[in-house]
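S.K.: Residues per chain are reported as follows:
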Amino acid sequence: MAAGDSAGAHFSTRDLVYIAVLGAAWGLVETSLGTYLHALRVPFRGALLTALGLLVALCGRALIPRRGTVVMIGAVTAALRLLAVGAVLLSPLAAILIESLLAELVLWAWSRPGRAAFALAGATGTLWTVVHPFVTQGLVAGSGLIAVYGWLIDSTARALPLLAGLVWLLVVCAIAIPLALGIVAGLLAHDLGTRLQERLAH
Amino acid sequence: MRDLRLRGAGGVGVYGYACLLIWALVVPALLPGPRIYWVPGTVIAVSWLTGTRRWRSLGDLRTWLLLAVLALAGAAAGVGGSGRQPMGALGLPLRMVARALAVLLAADTFAGRVSVSDLAALGEGAGLGGLSFALGVAMNTLPVLERTASRVWMALRLRGGPGRRPWRAFSRLVVTVLALSLGRAQETVEAAEARGFSPGSAPRKRPACQGGDLGLALGLVLWTVALVLVG
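Residue numbers (my numbering), protein chains in the order written: chain A, 1 to 202; chain B, 1 to 231.
Worth flagging that the hints you see were computed from the coordinates, not collected in a lab. C-beta: ideal position from N, C-alpha, C; glycine also. The hints are all genuine.
Chain A side only, calculated, beta carbon under 7 Å to chain B, not exhaustive: (1) Leu16; (2) Val21; (3) Gly23; (4) Ala24; (5) Trp151; (6) Leu196.
Here are some of the chain A residues that sit facing chain B, going by a computed Cβ distance under 7 Å: (7) Arg14; (8) Val17; (9) Leu80; (10) Gly144; (11) Arg195.
Build the full structure now, drawing on both the sequences and the hints.
M.R.: Encoded structure:
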């Protein structure tokens, strides 16, 4: 039952209240821990925050075995973020919605998602943090950004030819670290969701 | 905290402001040369006419930093790669800044003029039934959750902190905070059910499309055609 699925689009009152609490928990992670991580300029802070957020959302999916749970938790978190921060930071809001949607889409493929499905959902959601800056920068600055990136890569390669090989290493790290964080978050969410269910049953 | 009942002025609602945001994102790609400078001008004019008197992003240092970085990077790319840039050295940074300004101001207008309750209703209309109820509960839960997390963290520290098994301590912390919060949420469930709330019976309200929304959408389409063909 822990990570099973049941048909039906409607959530019960209890499901909705649980979704609200878990959405608030993800919101709390974003606003409290996020502030510290951004202030300390911790590397991969976006991926870390997303992994923690998805850990909470996927715990919710284990507790409420219905399709749409992760998206609902993401929507509640995004709305809370909009209320807390206001107009300026629409980019994190979009990121939360897209990450939860991606995780939900992965879980959608399974009628009874297990540990592997949770790990894949966590990894897919967290990998969006690699793509998201380019999407938002592209939306804001348009196609001119391609020229800027092209010039940056050209001039860096000319100025530092010895470091050219390191670019691939950086690219691999930029993908592998969020991927690992997402997998861990998914696996942990599956286990913690089961433990939470047992604890709430007592 | 923003006013949850805030409605768009001039008959423009969530759909109209969404149209303006999408227009600001899409139209710059259709406009060659200096015609792009009409886009931020249009966004400012529409925003002003629908009641916006203050753009939060203009008062934010990060906005000006972003525009400065875009201008400098665009100028450097324009000079460094001038052979490949048909717009020349100055055209690229100005286009990038104009587009960024239009998108930021349109997003600012959308977030400032559209209420969270309208967005929640939009989500409900899109199939996320019960989102408004969940959002209301979440807003009330947030301070309690914060206190619970703080107390559990303090208790963990008083027992010596994460110690040699930080992973186990982290799992316990998460489970304890969530279990306590979800346990307390049971009271909310009972209170809602006692008041006769049922998610299945609650009506799903989609925000109404107002006359101003249609007028704005039509106006933007006609203006785009004029800019592409005539400008």
